[in-house]
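Undergrad: Take a look at the letters that make up each chain.
There are 2 protein chains.
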Amino acid sequence: MARVVVDVMLKPEILDPQGQAVQRALPRLGFDGVVDVRQGKRFELELAGPVDDTVLDRVREMARTFLANTVIEDFDVRVEEVS
Amino acid sequence: MARVVVDVMLKPEILDPQGQAVQRALPRLGFDGVVDVRQGKRFELELAGPVDDTVLDRVREMARTFLANTVIEDFDVRVEEVS
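Protein sequence lines, in the order shown, are assigned to chains F and Y.
Read left to right, the first sequence gives residues 804 to 886 (our numbering).
Read left to right, the second sequence gives residues 804 to 886 (our numbering).
Since the hints were derived computationally from the structure, they do not count as laboratory data.
Be aware that one or more of the hints could be misleading.
Intra- or inter-copy, both count: the list cannot distinguish identical chains.
[To be verified] No more than 20 Å apart at the CA atoms, straight line, and that leaves these computed lysine to aspartate or glutamate pairs for EDC-like:
(1) K814 to E883
(2) K814 to E849
(3) K814 to D835
(4) K844 to E876
(5) K814 to E884
(6) K814 to E876
Sequences are here, hints too, so could you generate the full structure?
TA: The structure is reproduced here in structure tokens:
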């Protein structure tokens, strides 16, 4: 089994109201020094077989067509664990 | 500036309906071999100063008290970038 992680974040130029809400709340909770907060999604995919370039390309295709809205989001795919 | 990432995922024993919905949809979209899908949140925090152990402890405190619901979620804190 292998775990592949797909991180999906809003593109830098896109306004992130959730991240802004978190950032505005932090000083009220006593946490200073945080200049910016961006919030996105993290997918952990457990794959049955070994992970090779072909499999990673399929996961990128999954991200491009389904996990991310590539009009407003960027995604990153990486292998995190192989057992 | 430094970027610290906080990943927040449901604890393994907690049912993940969002992850299950993604997993059930994948074969219909032509993606096989995905045994399990877990969906969580990713926070990217831009910090003003350098990141030392004290700062990382503060970020862990932020995660424990605000970014994650530690009754049902686990979190992981790591430094991703220092510029």
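Undergrad: Now tell me, hint by hint, if it's right for this structure.
TA: Checked hints:
| no. | hint | in the structure |
| --- | --- | --- |
| 1 | K814 to E883 | between (23 Å within a copy, 17 Å between copies) |
| 2 | K814 to E849 | between (26 Å within a copy, 15 Å between copies) |
| 3 | K814 to D835 | neither (25 Å within a copy, 28 Å between copies) |
| 4 | K844 to E876 | both (10 Å within a copy, 14 Å between copies) |
| 5 | K814 to E884 | between (27 Å within a copy, 17 Å between copies) |
| 6 | K814 to E876 | within (5 Å within a copy, 26 Å between copies) |
In this structure, the one hint that does not hold is number 3.
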